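Here are the chains, one letter per residue:
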Amino acid sequence: MEIKEHLKENGLTLSLKGSFDEASSPEVERKLTEALSQDIKSICFDLGKVPYISSAGIRVLIIAYKKAVKNEKKVLIGDMSAKVEEILETVGILPLFAIPGR
Amino acid sequence: MAPKHEIYMLRASMVSLFCNAVLFVIKSTALMLVNSLAIAVDLGISFVALIVSVILYYSVKLANRPADLIHNYGYGKVENVCEALEGVVLIGIALAMSFQAVVHMLHPRPLVMPWVGLVSCVINSILNFGGAYYIIRMARKSDSPAIYAEGIHYRMEGFISVMIGASFVLFMFLQASGYGTPARYVDPIAALLVSMILIIPSFKLARNSFFKLLDASAGEDSQMEILKQLGRHIDRFCEFRDLKTRTAGRNKFVEFKLVVPEDISFRKGHEIVSTLEKDIKAGIPNCEVLIKMEPCKKDCEYVKNGEGCLYL
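Protein chains in written order, with the working numbering: chain L, 1 to 102; chain V, 1 to 312.
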């Protein structure tokens, strides 16, 4: 998986490209931990180029939400593919995240 | 009275045992009359299947035995042992028969009474496909991997019988058309093809069951269900840690640590843990859940800023 970080106006965007699964989730979790230690107000996941998210990826998103709440930060989902949206909706965790423009 | 899943598993294993005994008799008779290597391969498969059916019957009884002092987590893994055994023995048969097929191709022999072989294959196919349909249905109802593996085995044997039957038709056609010499190669070629077809699913079966014996995690559906329930109750705990799952036969075991506010009452904490356990169990069949409650370290921004705990 390709992970790009982009810092803008006190917010960090993690743009992911590729499947968000068992293989890629440890790396995303590591980047997330790094991001949470920075002086930022929000973390945005760009999942527009993620064709599939497995339970391992969802676990990272829930951890991100919990850690962000603990540190008074916000977690957003900037963009997501139709498949990822369907999975997050099925699991019922989509309402946890702010989605800009909705 | 035994639980429903146990009844389904026992029914499936009895059907499997009965059909395999009938198939063994039919194939042994056909082999003596037809002298076909392909039927010999098929008979070898049935011989293994018959032994596995007997083991499966006792395994089902053992797997459903409740946990005791010697096996604190129950006997579910015996189902995976049964799967692995079936896979390994079938690989052995396939390799041995491939070797025999090559030897027979070098010294081909004509078949005797091929129509007997054809009739035997038709009966075998009906028994195999009928048995597979029933066993897989029972496996889905009982969520048993060993019974499911048996159903897949039955279906595969059905295709093998169809293939051997087709080789007899081809043999008779070639002989009737005056191609007696090439007709002699049909049987060893069919035996080789059957052996090769057998190797791939048998290898997959053995590999998957070995991984399950190494405490493989629960499947993706179960993992999603756990996260779904954690998401549903997300505003009742601080965080979760060390989520682990494992499978033993059709049984699944889930454990994780749930961090709750330090100042929460024991009663309230127990209520959260019990609700989560109950909801996860309801979503995953044959599942045992162990949640360890841990107090938070009061290191969140809310407590630091004197705003009070979010979850109280």
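Be aware that a few hints might be false.
[What the hints assert, rightly or not] Result set (BS3-like, lysine-lysine): computed pairs, CA atoms no more than 27 Å apart in a straight line:
1) V/K204 / V/K257
2) L/K70 / V/K268
3) V/K304 / L/K31
4) V/K244 / V/K304
5) V/K257 / L/K83
6) V/K257 / L/K74
7) V/K61 / L/K66
8) L/K74 / V/K281
9) V/K268 / L/K67
10) L/K31 / V/K257
11) L/K70 / V/K228
12) L/K66 / V/K141
13) L/K41 / V/K298
14) L/K4 / L/K49
15) L/K31 / V/K278
16) L/K74 / V/K228
17) L/K70 / V/K4
18) L/K66 / V/K4
19) V/K4 / L/K67
20) L/K17 / L/K73
21) V/K204 / L/K66
Just so you know, these hints were derived from the structure itself, not from any lab.
Only a predicted model underlies this, so the values are computations on that prediction, with no experimental measurement involved.
Quick rundown of the hints versus the structure:
Restraint check: the Cα-Cα separation between V/K204 and V/K257 comes to about 34 Å, which exceeds 27 Å; the hinted pair is violated. Between L/K70 and V/K268, the direct Cα distance comes to roughly 21 Å. Compliance with the 27 Å bound is thereby established for this hinted pair. For the hint linking V/K304 to L/K31, the alpha-carbon distance of about 25 Å falls within 27 Å, and the restraint holds. Straight-line distance between C-alpha atoms of V/K244 and V/K304 comes to about 31 Å, which puts the hinted pair past the 27 Å bound.
With a C-alpha separation of about 30 Å, the suggested pair V/K257 and L/K83 falls outside the 27 Å cut-off, and the hint is violated. Between V/K257 and L/K74 the alpha-carbon distance is near 24 Å, which keeps this suggested pair within the 27 Å criterion. Distance check on the hinted pair: V/K61 and L/K66 sit about 45 Å apart at the alpha-carbon level, beyond 27 Å; violated. A hinted pair counts as satisfied when its Cα atoms are at most 27 Å apart, and L/K74 with V/K281 does not qualify at roughly 32 Å.
The hinted pair formed by V/K268 and L/K67 meets the criterion: a straight-line CA distance of about 23 Å does not exceed 27 Å. Straight-line distance between C-alpha atoms of L/K31 and V/K257 comes to about 23 Å, which keeps the hinted pair within the 27 Å bound. Between L/K70 and V/K228, the direct Cα distance comes to roughly 21 Å. Compliance with the 27 Å bound is thereby established for this hinted pair. For the hint linking L/K66 to V/K141, the alpha-carbon distance of about 38 Å lies beyond 27 Å, and the restraint is violated.
Of the pairs offered as hints, the one joining L/K41 and V/K298 holds, with about 21 Å between alpha carbons and a cut-off of 27 Å not exceeded. With a C-alpha separation of about 12 Å, the suggested pairing of L/K4 with L/K49 holds against the 27 Å cut-off. Under the criterion of a C-alpha separation no larger than 27 Å, the hint pairing L/K31 with V/K278 is inconsistent with the structure, at around 34 Å. Straight-line distance between C-alpha atoms of L/K74 and V/K228 comes to about 21 Å, which keeps the hinted pair within the 27 Å bound.
Our distance criterion of 27 Å between C-alpha atoms is broken by L/K70 and V/K4, whose separation comes to about 46 Å. Proximity of L/K66 to V/K4 is assessed by CA-CA distance (about 41 Å); at most 27 Å being required, the pair is judged violated. Among the hinted pairs, V/K4 with L/K67 is inconsistent with the structure: their alpha-carbon atoms are about 44 Å apart, more than 27 Å. Under the criterion of a C-alpha separation no larger than 27 Å, the hint pairing L/K17 with L/K73 is consistent with the structure, at around 24 Å.
For the given pair, V/K204 sits about 39 Å from L/K66 by alpha-carbon distance, which is inconsistent with the 27 Å threshold.
Hint compliance for this structure: hints 1, 4, 5, 7, 8, 12, 15, 17, 18, 19, 21 are broken, all remaining hints hold.
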